[in-house]
Amino acid sequence: MTGGEATQIDSESVGCGRFGRDDLEMLAIAQSDPSAPVVDGIVEHLPKCPACCAVVDRIVADNAFLHELARAASRASDSRAAIARLETRREDLAASGGPISGYRLGAEIHRGAQGAVFRAEQIATRRTCAVKMLLGGRFAGDRELIRFEREVEVVARLRHPSIVTLYESGVSRDGEPWFAMELVEGERLDDFVRAHSSPPRQVAQLLRKIADGIAYAHRRGVIHRDLKPGNIVVDGEGVPRVLDFGLARLQGSDAPAEVNSATTMAGEFVGTFAYAAPEQLAGDPGAVDSRCDLYALGVVFYQCLAGRRPFEGARSIAELVAQKTGSVPTRPSALNAAIDGDLDVIALRLLAADPARRYVTADALVEDLERFLDGRPILAREDSMAYVVRKTLRRHWIASSAAAALMATILISGVALAFAYANAQRQRVRSERTLASFRDAVGSVNPEASSGSASLSVEQFLELIEANSANELSSEPAVLAGVRDTIGIVHLGFEDAPRAERALSQALDERRRLYANGECSPEEVAESLHNMGRVCILQRKLTEAEAFYREALAVRSDVFGERDPRTMLTARHLASCLRRENRLDEALALYDSLEMRALDQSGYPALELAAIRNGRAFIYQSRGDLPRALSDFEDALDAIRGHLASDDYRVGRSLFNIASTQERLSMPVESMQNATQALEILRKRKGGDAATVVDVEKLIARLRSLPSIDPSVGPN
Amino acid sequence: MDLDRTTTALLTGLFDPRNAAAWEAFDRRYRPILIGFARNCGAKDVDAAEVAQETIVRFVEEYRAGKYDRNRGRLGAWLVTIARYRLLDSRRRAGTARIERAESAMVDLDDERSLGASYEAERRQALLREALDEMRTRSRTDPKTVKAFEMLVYHGLTPQVVAEQLEMSTHDVYLAKSRVAAKLREIVLRLESEYEEAPGDWDESGPRPSDGIHS
Numbered sequence: 001m002t003g004g005e006a007t008q009i010d011s012e013s014v015g016c017g018r019f020g021r022d023d024l025e026m027l028a029i030a031q032s033d034p035s036a037p038v039v040d041g042i043v044e045h046l047p048k049c050p051a052c053c054a055v056v057d058r059i060v061a062d063n064a065f066l067h068e069l070a071r072a073a074s075r076a077s078d079s080r081a082a083i084a085r086l087e088t089r090r091e092d093l094a095a096s097g098g099p100i101s102g103y104r105l106g107a108e109i110h111r112g113a114q115g116a117v118f119r120a121e122q123i124a125t126r127r128t129c130a131v132k133m134l135l136g137g138r139f140a141g142d143r144e145l146i147r148f149e150r151e152v153e154v155v156a157r158l159r160h161p162s163i164v165t166l167y168e169s170g171v172s173r174d175g176e177p178w179f180a181m182e183l184v185e186g187e188r189l190d191d192f193v194r195a196h197s198s199p200p201r202q203v204a205q206l207l208r209k210i211a212d213g214i215a216y217a218h219r220r221g222v223i224h225r226d227l228k229p230g231n232i233v234v235d236g237e238g239v240p241r242v243l244d245f246g247l248a249r250l251q252g253s254d255a256p257a258e259v260n261s262a263t264t265m266a267g268e269f270v271g272t273f274a275y276a277a278p279e280q281l282a283g284d285p286g287a288v289d290s291r292c293d294l295y296a297l298g299v300v301f302y303q304c305l306a307g308r309r310p311f312e313g314a315r316s317i318a319e320l321v322a323q324k325t326g327s328v329p330t331r332p333s334a335l336n337a338a339i340d341g342d343l344d345v346i347a348l349r350l351l352a353a354d355p356a357r358r359y360v361t362a363d364a365l366v367e368d369l370e371r372f373l374d375g376r377p378i379l380a381r382e383d384s385m386a387y388v389v390r391k392t393l394r395r396h397w398i399a400s401s402a403a404a405a406l407m408a409t410i411l412i413s414g415v416a417l418a419f420a421y422a423n424a425q426r427q428r429v430r431s432e433r434t435l436a437s438f439r440d441a442v443g444s445v446n447p448e449a450s451s452g453s454a455s456l457s458v459e460q461f462l463e464l465i466e467a468n469s470a471n472e473l474s475s476e477p478a479v480l481a482g483v484r485d486t487i488g489i490v491h492l493g494f495e496d497a498p499r500a501e502r503a504l505s506q507a508l509d510e511r512r513r514l515y516a517n518g519e520c521s522p523e524e525v526a527e528s529l530h531n532m533g534r535v536c537i538l539q540r541k542l543t544e545a546e547a548f549y550r551e552a553l554a555v556r557s558d559v560f561g562e563r564d565p566r567t568m569l570t571a572r573h574l575a576s577c578l579r580r581e582n583r584l585d586e587a588l589a590l591y592d593s594l595e596m597r598a599l600d601q602s603g604y605p606a607l608e609l610a611a612i613r614n615g616r617a618f619i620y621q622s623r624g625d626l627p628r629a630l631s632d633f634e635d636a637l638d639a640i641r642g643h644l645a646s647d648d649y650r651v652g653r654s655l656f657n658i659a660s661t662q663e664r665l666s667m668p669v670e671s672m673q674n675a676t677q678a679l680e681i682l683r684k685r686k687g688g689d690a691a692t693v694v695d696v697e698k699l700i701a702r703l704r705s706l707p708s709i710d711p712s713v714g715p716n
Numbered sequence: 717m718d719l720d721r722t723t724t725a726l727l728t729g730l731f732d733p734r735n736a737a738a739w740e741a742f743d744r745r746y747r748p749i750l751i752g753f754a755r756n757c758g759a760k761d762v763d764a765a766e767v768a769q770e771t772i773v774r775f776v777e778e779y780r781a782g783k784y785d786r787n788r789g790r791l792g793a794w795l796v797t798i799a800r801y802r803l804l805d806s807r808r809r810a811g812t813a814r815i816e817r818a819e820s821a822m823v824d825l826d827d828e829r830s831l832g833a834s835y836e837a838e839r840r841q842a843l844l845r846e847a848l849d850e851m852r853t854r855s856r857t858d859p860k861t862v863k864a865f866e867m868l869v870y871h872g873l874t875p876q877v878v879a880e881q882l883e884m885s886t887h888d889v890y891l892a893k894s895r896v897a898a899k900l901r902e903i904v905l906r907l908e909s910e911y912e913e914a915p916g917d918w919d920e921s922g923p924r925p926s927d928g929i930h931s
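If you read the sequences in order, they're chains A and B. First residue of the first sequence: 1, per our numbering; consecutive thereafter. First residue of the second sequence: 717, per our numbering; consecutive thereafter.
Everything labelled a hint here was simulated from the structure, so no lab data went into it. Warning: the hint list may mix true and false statements.
[To be verified] Some chain B residues flagged as far from chain A (calculated, every beta-carbon gap over 10 Å):
no.: 1; residue: R734
no.: 2; residue: R780
no.: 3; residue: K783
no.: 4; residue: D785
no.: 5; residue: S830
no.: 6; residue: D858
no.: 7; residue: P875
no.: 8; residue: L882
no.: 9; residue: A897
no.: 10; residue: S909
[As the list claims (entries may be wrong)] Computed beta-carbon distance windows for the label pairs:
no.: 11; chain 1: B; residue 1: G782; chain 2: A; residue 2: S197; range: 14 to 24 Å
no.: 12; chain 1: B; residue 1: R906; chain 2: A; residue 2: G17; range: 27 to 37 Å
no.: 13; chain 1: B; residue 1: D732; chain 2: A; residue 2: S101; range: 35 to 45 Å
no.: 14; chain 1: B; residue 1: D732; chain 2: A; residue 2: R357; range: 48 to 58 Å
no.: 15; chain 1: A; residue 1: R194; chain 2: B; residue 2: A725; range: 27 to 37 Å
no.: 16; chain 1: B; residue 1: G782; chain 2: A; residue 2: A606; range: 56 to 66 Å
no.: 17; chain 1: A; residue 1: S602; chain 2: B; residue 2: G782; range: 55 to 65 Å
no.: 18; chain 1: A; residue 1: S101; chain 2: B; residue 2: S909; range: 49 to 59 Å
no.: 19; chain 1: B; residue 1: G782; chain 2: A; residue 2: I109; range: 19 to 29 Å
Being a predicted model, the structure only gives us computed values, none of them experimental. Every residue gets a Cβ at the ideal spot worked out from N, C-alpha and C, and that includes glycine.
Kindly produce the complete structure, drawing on both the sequences and the hints.
See the structure below:
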């Protein structure tokens, strides 16, 4: 409104002058309140008088505007009250003498999820410290109070150079809990690393100190749950200090369950998204253990090394969870070439989505970091071993598929076995030696190394490993037996019976001897017995095979139970052996029993079930019941096709089984088709000289001699 | 228009950490809006004050770090985005679900348009309050006129009672109301131009702070 318009209303007479201001005001009010009294004649007058009409319109607009103002004014007092409450609190705290006896509170230095931290002076000692008070004070709910008290309890039990020290705690005059701790002055970890352009080695040194503190806390049953750069301050002497245990959880028997569940309810997320482990994001308190802290340290470590977090760009929590569980972050060294490959391995190990794939403890992380800093090989090389072996084997003449199978076997059985030993402190030396022997062997076939050769065969490669192992592990017979067992299995995979038998029987003998001295478990003996059964089958020494299988079965039944997949595997091998011995009724009964046990268990491996049916098909085949045999073989192939690569050797074997049954069922065209596919796969997987390949070639030759088959059809 | 009081001038001043006046003016202008906004979203008084405090601090940090470009989005939209995450944090901390508290009328934190409308309503109210303050403390309006206006509008007294208590005619009471309303309209118009945020263009939502998902 302009001043001119106001002047118009300011005149003694309003509108046309026939009615007074009060009358027009009442008429305006009557627009929204029909009960308001209006003078006679005004309602009829208004439509005919533009001047009065304009005045009433303006009054109506004013009233609406003023009503809005009145509402705004009443809300203002609310906001002022809210601000005043906060300010009163701060003034209270800052007041001389303050609410905490013995301390003089200074400026607020930090405000976190759980409380406000003030710089303070302990009056008696003149010591500068930090005082943390629960935010919201009297407004805080039970859970906030419990969490605050939890932090006091947790920090009080920790005394470590990398963890902030608690001095004392108490309750203020107003009944609000507080605690005093040492004042750490320095920079946030990420700011420190950025400001000092810390090289990767220095970052590793910082992480080692942090991990040492966390390992200490874990040993005392404390899980931090909110590790992030903002909660780690590097002090003036370059020592990283872990702060803010406000979200910490106690594990172990000394932590009453109801207290832990009061601080974390199911479905509630506690922590900081970017640093939270996938299982933590799921909000299941039961899934959260000390390995969450290891994951968070992984994110922190990665961020300090690479300059960015491993997973960035997520626009929602769901997207972040999907990233964390579904993808492997880029190696830090790909972002910063100065980063050593060992640090890649350590960071990625910490960031494994599956907690079981992370370091077992923070102590193990500390040890690997120390190894790295001392220039010794780290223990977490499991993943990169795969890389080295793959990289090395790809360079020489072994078909890549065979190399992959070899590598997988070595890694799954050998290195994994070696790592299994690492769980116990006593066994650590052994696993190191095992690794060293593998590494030497792998290094020796690396064409880039001076002693390497680009034309090494699988046999030579395995012999190198065996020789190295025998040398390195002479004082560790249990580990050596494990390595020999693995090597024997690889030879078996290549159907090299003599070498397989030599390695496997050495392993078995050693394990029997160790078992007698109580230095080896019955499971390991059973494993060797089972593998000896396999090598005897390959050599067609059926009686010996049966004996090995029966002994292995007895041990496995005893140790694992009848329905365990390992027990059932040995039983299936035994059934196969019985069939080869032409004891078809016994074999069939065993297969039927195995099938029932398999079908009883949900989630029984499809490949194993297929193998059971495959074995039964051979029995039908032997008995001349070819249609049932073909049906079982085809079912088996269908089952494994869903679970294996289309050129897996087991697919080749299945195709060959079908082809040979079809030959006997006088289905030469179908048989030739399947045999051709089988040959292609088996040649690729087993090499041209393998016994199975020769069998397929013979079948194809027979089919070609048939008048119904064009001899030029099929493989060469 | 007081050019020193425009939002542009405040933002320019905020770049300098030593410019306490800019900080205070910015805080005075936006804190009450954010408190009201947080309260509309279901926060209790102290929580709402916390959310406002954290939002302003975060905004200033981001602004000084060069993350906020005024050409790319409204200041209000940016503040709402920050405040929304603070509210989610606050709610998680409080552990209270909206349904449990039967606050169905509360603004939905997932609905950007209603968040924008809520902020806009608070901004308008803040502006009206600022206008009232200015009218009381700085305008040359006759104190008796202001008093009549306040009794009529704030305290809801009838014109007759106001007239009686202030010893004036009801005509003068109505006149006082009209005068003050006119004055306030002038102030509001000027303040709107200082805010430089015309209502009604909430379709263009503000950019998302880069690390908004972290607490």
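_Assessment of proposed distance window 19 to 29 Å (beta carbons of G782(B), I109(A))_ = 25 Å, holds
_Is 14 to 24 Å respected by the C-beta to C-beta distance linking G782(B) and S197(A)?_
Since the Cβ atoms of G782(B) and S197(A) sit about 21 Å apart, the hinted range of 14 to 24 Å holds.
*Should the label of A897(B) as a non-interface residue stand, given a Cβ cut-off of 10 Å to chain A?*
4 Å, violated
*Given as non-interface: P875(B), partner chain A, CB spacing beyond 10 Å*: 7 Å, violated
*Regarding G782(B) and A606(A), is the given constraint of 56 to 66 Å on their beta-carbon distance met?*
57 Å, holds
*Is the gap between the beta carbons of D732(B) and R357(A) within 48 to 58 Å?*
50 Å, holds
*Beyond 10 Å from every Cβ of chain A: is that where the Cβ of L882(B) lies?*
The assertion about L882(B) holds, with a minimum of 16 Å to chain A.
*Hint says 35 to 45 Å; check whether the CB-CB distance for D732(B) and S101(A) agrees.*
41 Å, holds
_At 10 Å, judged by beta carbons, does R780(B) keep clear of chain A as stated?_
Correct as stated: the minimum Cβ-Cβ distance to chain A is 15 Å, above 10 Å.
*Closest CB of chain A to the CB of S830(B) still more than 10 Å away*: 18 Å, holds
*Range hint 27 to 37 Å (beta carbons of R194(A) and A725(B)) holds or violated*: With Cβ atoms ~33 Å apart, the hint holds.
*Test the statement that S909(B) is away from the interface with chain A: the closest C-beta pair must be farther apart than 10 Å.*
15 Å, holds
Checked against the numbered hints listed earlier, the structure breaks hints 7, 9; every other hint is satisfied.
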